[in-house]
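Student: Protein sequence lines correspond, in order, to chains A and B. For what it's worth, this note's numbering labels the leading residue of the first sequence as 1, then goes sequentially. For what it's worth, this note's numbering labels the leading residue of the second sequence as 1, then goes sequentially.
Treat the hints with care, since some could be wrong.
[Claimed, not checked] Simulated pairs of lysine to aspartate or glutamate, EDC-like, Cα-Cα distance not exceeding 16 Å:
1) A:Lys223 x A:Asp132
2) B:Lys35 x A:Glu68
3) B:Lys105 x B:Asp185
4) A:Lys239 x B:Asp162
5) B:Lys118 x A:Asp197
6) A:Lys195 x B:Asp113
7) B:Lys118 x A:Glu62
8) B:Lys208 x B:Glu191
9) A:Lys233 x A:Asp101
10) A:Lys305 x A:Glu25
11) B:Lys186 x B:Asp162
12) B:Lys105 x B:Glu181
13) A:Lys65 x B:Asp29
14) A:Lys274 x A:Glu20
15) A:Lys236 x A:Glu120
16) B:Lys351 x B:Glu268
17) A:Lys485 x A:Glu326
18) A:Lys24 x A:Glu84
19) B:Lys27 x A:Glu62
20) B:Lys35 x A:Glu106
21) B:Lys35 x A:Asp101
22) B:Lys35 x A:Glu62
23) B:Lys35 x A:Glu323
24) B:Lys45 x A:Glu68
25) A:Lys65 x B:Glu26
26) A:Lys186 x A:Asp164
27) A:Lys79 x A:Glu250
28) A:Lys236 x B:Glu191
29) B:Lys351 x B:Glu26
[Unchecked claim] Where chain B lies over chain A, by a calculated footprint (3+ residues, C-beta under 8 Å):
30) 68-81
31) 121-129
Derived by calculation from the structure, the hints in this document are not laboratory data. In this text, all values refer to a predicted model and were calculated from it rather than measured experimentally. Where a beta carbon is used, it is the ideal one built from N, C-alpha and C, also for glycine.
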Amino acid sequence: MIFTAPMKLLIAVVLDKDTESVTKELLRQSVLDFISLKEISRGWKTQVSSPAPLATVARTLELRKRAEGFFNLAQPPLKLPNLEIAEIPPVDLMESEKYLDSLAAEINGIRERQRVLQEEIIKLEEIRRQVDAFEDLKSGAAARSTYSFLSIQTGTVPVSRFSDLEKSLEAFPSVVIPSQDKEGLKVAVLLITMKRDDSRINTLLSQAGWEDVSLPVESPGNKGEALREITGKIEKLRKQQQECNQELAELLKGRETRLQNLWSGLRINELFLKIQSHFSRTERTILFSGWLPAEKQAEVEEGIKRASENRCYIEWMAPKKGEAAEVPVPVAMRNPKVLEPFEKLVRNYALPEYGSIDPTPFVAAAYLVMFGLMFGDAGHGLVLALVGLAGQYLAKKRRKSNTLFRLITYCGSAAIVTGILFGSYFGTALFPPLWFNYHGIIAGHGAEMTGLVRDIYDILGITIRFGITIIGLGLLLNWVNLIKKRDWLTLLLDKGGLLGGWIYGAGTWAAFYFVGHNYKELPPGNLLFWLLGLPTLVLALKGPLEFLRHNRVHISAGEDASSSPSQAVSKPSGKRINGFTIIDFFMEWIVEVLEIYSGYLANTLSFMRVAGLGIAHVSLMIAFFQIAEMMAGPKGYSLWSYIILILGNILVIGLEGLSAGIQSLRLNYYEFFSKYFNGTGRAYRPITLRSRD
Amino acid sequence: MASPLSRYAFLNAKLKARISKITSDEKIDQLLRAKTLPEAVQLLKGTEFEPLEKAYVETGDLRMGEYVLYVREIELYTELQHFVEEPVLQFIRALSLRYEGDNLKKALRLWFDKTVRKRTLEGATGYIYRKTIVHGFDIDEVIAAADLPALHKALAGTPYSDLIARWGREIELQKSLFSLEIEIDKFFYKELFASLERLPKQDRQIAKTMATLEIDMQNIDWLIRFKNYYNLPLEKTLPLLIPYGNFKDLASISSSYTSGSISEILSELLKKHYSKWQTLLGKGSDSVSRLTLMERVLKQITLAQVEKLLGGYPFNIGIVLAYFFLKRNEMQTIMTILNAKYYNLPEERIKSVL
Numbered sequence: 001m002i003f004t005a006p007m008k009l010l011i012a013v014v015l016d017k018d019t020e021s022v023t024k025e026l027l028r029q030s031v032l033d034f035i036s037l038k039e040i041s042r043g044w045k046t047q048v049s050s051p052a053p054l055a056t057v058a059r060t061l062e063l064r065k066r067a068e069g070f071f072n073l074a075q076p077p078l079k080l081p082n083l084e085i086a087e088i089p090p091v092d093l094m095e096s097e098k099y100l101d102s103l104a105a106e107i108n109g110i111r112e113r114q115r116v117l118q119e120e121i122i123k124l125e126e127i128r129r130q131v132d133a134f135e136d137l138k139s140g141a142a143a144r145s146t147y148s149f150l151s152i153q154t155g156t157v158p159v160s161r162f163s164d165l166e167k168s169l170e171a172f173p174s175v176v177i178p179s180q181d182k183e184g185l186k187v188a189v190l191l192i193t194m195k196r197d198d199s200r201i202n203t204l205l206s207q208a209g210w211e212d213v214s215l216p217v218e219s220p221g222n223k224g225e226a227l228r229e230i231t232g233k234i235e236k237l238r239k240q241q242q243e244c245n246q247e248l249a250e251l252l253k254g255r256e257t258r259l260q261n262l263w264s265g266l267r268i269n270e271l272f273l274k275i276q277s278h279f280s281r282t283e284r285t286i287l288f289s290g291w292l293p294a295e296k297q298a299e300v301e302e303g304i305k306r307a308s309e310n311r312c313y314i315e316w317m318a319p320k321k322g323e324a325a326e327v328p329v330p331v332a333m334r335n336p337k338v339l340e341p342f343e344k345l346v347r348n349y350a351l352p353e354y355g356s357i358d359p360t361p362f363v364a365a366a367y368l369v370m371f372g373l374m375f376g377d378a379g380h381g382l383v384l385a386l387v388g389l390a391g392q393y394l395a396k397k398r399r400k401s402n403t404l405f406r407l408i409t410y411c412g413s414a415a416i417v418t419g420i421l422f423g424s425y426f427g428t429a430l431f432p433p434l435w436f437n438y439h440g441i442i443a444g445h446g447a448e449m450t451g452l453v454r455d456i457y458d459i460l461g462i463t464i465r466f467g468i469t470i471i472g473l474g475l476l477l478n479w480v481n482l483i484k485k486r487d488w489l490t491l492l493l494d495k496g497g498l499l500g501g502w503i504y505g506a507g508t509w510a511a512f513y514f515v516g517h518n519y520k521e522l523p524p525g526n527l528l529f530w531l532l533g534l535p536t537l538v539l540a541l542k543g544p545l546e547f548l549r550h551n552r553v554h555i556s557a558g559e560d561a562s563s564s565p566s567q568a569v570s571k572p573s574g575k576r577i578n579g580f581t582i583i584d585f586f587m588e589w590i591v592e593v594l595e596i597y598s599g600y601l602a603n604t605l606s607f608m609r610v611a612g613l614g615i616a617h618v619s620l621m622i623a624f625f626q627i628a629e630m631m632a633g634p635k636g637y638s639l640w641s642y643i644i645l646i647l648g649n650i651l652v653i654g655l656e657g658l659s660a661g662i663q664s665l666r667l668n669y670y671e672f673f674s675k676y677f678n679g680t681g682r683a684y685r686p687i688t689l690r691s692r693d
Numbered sequence: 001m002a003s004p005l006s007r008y009a010f011l012n013a014k015l016k017a018r019i020s021k022i023t024s025d026e027k028i029d030q031l032l033r034a035k036t037l038p039e040a041v042q043l044l045k046g047t048e049f050e051p052l053e054k055a056y057v058e059t060g061d062l063r064m065g066e067y068v069l070y071v072r073e074i075e076l077y078t079e080l081q082h083f084v085e086e087p088v089l090q091f092i093r094a095l096s097l098r099y100e101g102d103n104l105k106k107a108l109r110l111w112f113d114k115t116v117r118k119r120t121l122e123g124a125t126g127y128i129y130r131k132t133i134v135h136g137f138d139i140d141e142v143i144a145a146a147d148l149p150a151l152h153k154a155l156a157g158t159p160y161s162d163l164i165a166r167w168g169r170e171i172e173l174q175k176s177l178f179s180l181e182i183e184i185d186k187f188f189y190k191e192l193f194a195s196l197e198r199l200p201k202q203d204r205q206i207a208k209t210m211a212t213l214e215i216d217m218q219n220i221d222w223l224i225r226f227k228n229y230y231n232l233p234l235e236k237t238l239p240l241l242i243p244y245g246n247f248k249d250l251a252s253i254s255s256s257y258t259s260g261s262i263s264e265i266l267s268e269l270l271k272k273h274y275s276k277w278q279t280l281l282g283k284g285s286d287s288v289s290r291l292t293l294m295e296r297v298l299k300q301i302t303l304a305q306v307e308k309l310l311g312g313y314p315f316n317i318g319i320v321l322a323y324f325f326l327k328r329n330e331m332q333t334i335m336t337i338l339n340a341k342y343y344n345l346p347e348e349r350i351k352s353v354l
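The shape of chain A in the complex, shown without the other chains:
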């Protein structure tokens, strides 16, 4: 957890006939981050042949992603199965593709039916628009030549033939409104159709014994009835469309098992082929190499031996040593699940260099303390924590990531703690503070308080001291990293090294001395010289010493198969120190000094924003309470007062929560990380059954 996970480099040689079993074992283990053998030594290039390009990997991947697409087509989406590797299922890519094609064709058929229904809906909507434009339909019937979309006819049909006529008209976008009063042998009908269907409809009408008549006043002509009829038809068609969707859902549900098996087979084969794409070959053997966590070394070795029935050669290399010296080491961060949100914050910035300190636990502590100091209210913290918990529940339900909500929950919890320390509960002092009364100080009652913290300057002082602690911790972590790397020169003379720490410590002490003496007196001159002047002068040695260290040119041994990068020859480059070089050293020293003094001062003072935001938080709540009191009546708080307070609390939680979160992140990323974090790591990416890329 404190450092990145130690890694080991594996080189293995197995017989060609054991390829499948070894591949299966490597896939089962799911820990190897493969590299090319050529990365270890250029000599491998001519000794082994690269594996033939595996077009099938790409095709398998494509089919797998296509299968996943069908999972997402279902409402709700079908679940991807967990992969088990008891057996490698055989996969026929052509058959798989045929199956998916046939499924796609069925789905296309359903969508096409929906589309045809949609066409009918649009035509009916057109009729509805046109009908809506009429004052009443009988006048529309007279004006049939004006509106050229619609054909409005009125007439009578024998009662016995009416239902047949109605049925045959269902095939056309139409509105049929019969008279309510079917007396005698005939029924009066108002018929609205589209003009384009005139000839076919007229045939049907004559078959049904239609007679054109002008309808009397009481006959159907009610626009509302026509519109209702059309709306009913449209709703019926929409329902049919929904049934199509249900049919699609049932189709996919019915194929779920087959699709899951297909997907599993494709995925396992894809991973299988991907592993084999990293193998190099000789006539009878295969060779492969990769990084894995050191803790898995024994397990992997035993697995390979078992899979190859001990017909293997295995070599282990430590990172940064021997032939593996130039090979980039992947970084795995092993933090407990509870720190996952903070690990994501770190990864968002960069991955730490291999072997260096994993910042995650420190970021977790620093972030939460910063947030708590800026957002110190137990009530507000409780709201945040509850929002976080609710968000986690919803995210889990929707199968989405809950990291953000977990972070919110933690921040809320930190705010609860600091709220209790400051005695702040939704902006009121419900209980006495365990540390100091933040509200009281901001409201101007500091003079009445006992204790060490009585005014805003004391609060600022707390945050400055906090900042010094964070920066000091950053420097310490940097020293640990440098000691691990054995980079002694940088450890001694860099601005983040011991000299930089000395200057920072001395500068901090001098600043406190100055403040402590009422801003009137600096420490004695000779003391200042020893504390600040001396290390500043020593810093001047950095340039020349680095020049001497780096002024050797590594000459490559060329493309010789017998050589490796570690056999590089070095000799002095012949560069000499001259006048210009000395000026360079001097300028570098000046810039470095300015950077150290101004940079450290700025970084330290930057932490005053923690106080600033905390003060803003309290001030906003004081303001809202004052507004609430202004709205109060003679008997106390009115309804408006409570509304103001509720809205005010919501605003403060939202605004200050966002500000505090962002500022905490900035302080970590800039003021903290800049002291020690070297984000040059490359991610550890083993080929694993659990990956979802």
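Following the hints, position chain B against chain A.
Tutor: For chain B alone, kept in the frame of chain A given last:
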């Protein structure tokens, strides 16, 4: 007048956040590789185009999805109007006239099909935008107009009624909407240039550059199509072009225009004002592929200018213009791919037109 910072700070942050969400090349590749239309559409779940996916799932009709997108495109403008004040507000309103003009042209084509060509419309009006964009008129009344006087009446109270009055006779004589449609486009640009004159100086320069570029690209496109499809003589093309652009005199292209070579015409047109893009012109094998190349070149020129705007000073009208262009481009790309999937066009063919 408010400072550029106060005018554009919020808008800049908002639009840049939206621009960062524009569909990635990776997603476009996934869409291209999808085998069928339903598979392509489901890739849009969880993206900005989810409304299209929802519309398709509900109706099975891609045109309905396209309509939903079209409505969204119009709403980009109407929505942005809430965040700006005069004179930027009236400039954005003028920009949205483009859609009003397009919508009116669609309606006029339907009217023309029904009234002049005597065709039935078969549900074609279902995909027309019916709400007011800038000027209020009833689109159904336009489509349903029985004749030119009725059409004129349907557009009463809008600037388009004057266009109908002036060009109605031409429509009847030539049995074509060609001239009227060009006049509608010209009207849009006239209004655009009128509105940008009221912008502050820096905004005015940027808007003018972009508008002139767009007009030049449009005129180039038209010139080449006039030659390729209609074989119009050069002297008849100049009155048809949109004014305000750089091409006020076409004498320099007369010989290449006469020869009919698209590459030569394009090269001559680009020579004076867009010379560095001449190198993009290759030698296509036929006029269709050359037209495709031409469209790509013109789009590249506009894209380069947009990228310049995005990389420059952020608090000016440039961010708004860049946003509109990129969003329009994005929607066109997505719809091209989906329509191609509907017609089962192969991936390579689709790529060739993107």
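Student: Mind listing which of the numbered hints don't hold for this structure, in increasing order?
Tutor: 4, 7, 9, 16, 23 and 28
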